[in-house]
Amino acid sequence: MNPLVLWFHKLGSPPYFYRFAGRLLPWFWGAALIGLAVGLYGGLVAAPSDYQQSDAFRIIYVHVPSAWMSLFIYAFMAVNGFIALVWRIKLSETLAMASAPIGAAFTFICLASGSIWGKPMWGTWWTWDARLTSELVLLFLYLGVLGLYQAIEDRRQAARAAAFLALIGVVNLPIVHFSVNWWNTLHQGSTIKLFGPSLIDSRMLWPLLVMAIATKFLFAASLLSRARVDLLELEAGKDWVRRIALAEDAA
Amino acid sequence: MSYGTAASACRALLVRDFSLVWRRRGDALNPVLFAVMVVVLFPFALGPEPTALARIAAGTVLVALLLAGLLSLDALFRSDLEDGSLEQLVLSPHPLPLLLACKIAVHWLTTALPLLLVAPLLGELLFLPRPVLPVLLAALALSTPLLSLIGAVCVALTVGMRRSGMLLALLVLPLYVPVLIFAAGACNAAQQGLPVLAPLLWLGAGLALALVLAPLACAAALRISLS
Chain B
0 MNPLVLWFHK
10 LGSPPYFYRF
20 AGRLLPWFWG
30 AALIGLAVGL
40 YGGLVAAPSD
50 YQQSDAFRII
60 YVHVPSAWMS
70 LFIYAFMAVN
80 GFIALVWRIK
90 LSETLAMASA
100 PIGAAFTFIC
110 LASGSIWGKP
120 MWGTWWTWDA
130 RLTSELVLLF
140 LYLGVLGLYQ
150 AIEDRRQAAR
160 AAAFLALIGV
170 VNLPIVHFSV
180 NWWNTLHQGS
190 TIKLFGPSLI
200 DSRMLWPLLV
210 MAIATKFLFA
220 ASLLSRARVD
230 LLELEAGKDW
240 VRRIALAEDA
250 A
Chain Y
0 MSYGTAASAC
10 RALLVRDFSL
20 VWRRRGDALN
30 PVLFAVMVVV
40 LFPFALGPEP
50 TALARIAAGT
60 VLVALLLAGL
70 LSLDALFRSD
80 LEDGSLEQLV
90 LSPHPLPLLL
100 ACKIAVHWLT
110 TALPLLLVAP
120 LLGELLFLPR
130 PVLPVLLAAL
140 ALSTPLLSLI
150 GAVCVALTVG
160 MRRSGMLLAL
170 LVLPLYVPVL
180 IFAAGACNAA
190 QQGLPVLAPL
200 LWLGAGLALA
210 LVLAPLACAA
220 ALRISLS
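Just so you know, the sequences run in chain order B and Y.
If you're matching positions, the first sequence starts at 0 in numbering that gives the first Met the number 0 and goes up one per residue.
If you're matching positions, the second sequence starts at 0 in numbering that gives the first Met the number 0 and goes up one per residue.
If you are wondering where the hints come from, they were derived from the structure by calculation, not from laboratory data.
Treat each hint with caution, since some may be false.
Claimed, not checked - Heads up, incomplete: computed chain B residues facing chain Y, CB under 8 angstroms, no partners named: (1) Leu142; (2) Ala150; (3) Gln156.
Said to hold, decoys possible - A short list of chain Y residues far from chain B (calculated; beta carbon distances all over 12 angstroms): (4) Ala5; (5) Val20; (6) Leu32; (7) Leu45; (8) Ile55; (9) Ala74; (10) Asp82; (11) Glu86; (12) Leu90; (13) Leu132; (14) Leu136; (15) Thr157; (16) Gly203.
Even glycine gets a Cβ: it sits at the ideal position worked out from N, Cα and C.
Please build the complete structure, drawing on both the sequences and the hints.
Encoded structure:
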């Protein structure tokens, strides 16, 4: 067998993945923390203040990366859910379910920071803008996936049911996005645009890109940490888990 | 061993479900009562001025019917699960999506259709402008089957659980958002004298899509929860 394909098959086995993720984790956490530090310094200190919003615009460095992550993680969860349902790979179930709380957290951060940003800029905490509404529905979808996963006792069946719900959400999200766009424009024409037609200055752009990459690493690191714990719980009683537990005891 | 045709299985299922509902016909009225109660609460909360009520009438009726439908969703598979006939349905040699489509159709006819019939009365209670009523009924006629179909998929996912009420609402309501937006959009357009065809056509398109996909998704979800 092709060594790459062989490695990929091996990665599907929980003990192999546990060790592999354990080796990657320090690097991912390190990259995430350094990236966050650099990005936040660049965004909060180094970047020039906006000519209209002055310093208030700096929340963009938290808001926009978490908005990107909320969608990215949903896509990741759905792809893993699809793999879990079609090929019944245990690892994909674990990864899909481990990414759901992280995605919900990013979605919540996006909504909360957007609302804090909206208060001085738009004069209101909340507006029924199309983007805000889709993001709120996305949060509800995440909470539905989490709620369903918690409600079923059998872990693997719970993961499959929740993965299926995530897939339904994938079909639903574009429809929601389209319908709220249509609903909103029917009532109030043009809404406040986050970015005007002018392009963002490069001194403001690079911290944003660094933050986008750093949040990816943060997601990867917390996903692997969660998945490792979930795997131990799921496989409790198996031989490899017992060996790890004994090694932990001895240390 | 012969199993009969899929058509005869569907007919048997339809007859069985209808007679089950008929023997407990008092229960079938509960969603209607619920919808009436919810609508009656609004004048108490908002004050009895006809102009204020007329402005929110269509949306209130839509939401009340949506919630009534949500409450009745739980009954879709509940009794079949308890007496074991749901497992028999899943094991049957006939296509499960087809059988589930029959069950959903019976559910819609026995819970949503009475709601649809009571909608003019609810509209009258809230001083719904007369020209809006046909549009509201058309929107309801297209959206209630859509809600039943989408809801059935979520019910299938929660079917084994003892207390699934709140969870079901959490699963279903985000999926209901687009349906509600288009149905309410048609009514609002009618209220402002604008053309109403576009949102109704969107609802119809959604219904066509759901009619094909929802029974398949429902069958897949049921197989997951009963595995």
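Looking back at the numbered hints, which does the structure fail to meet, lowest number first? 15
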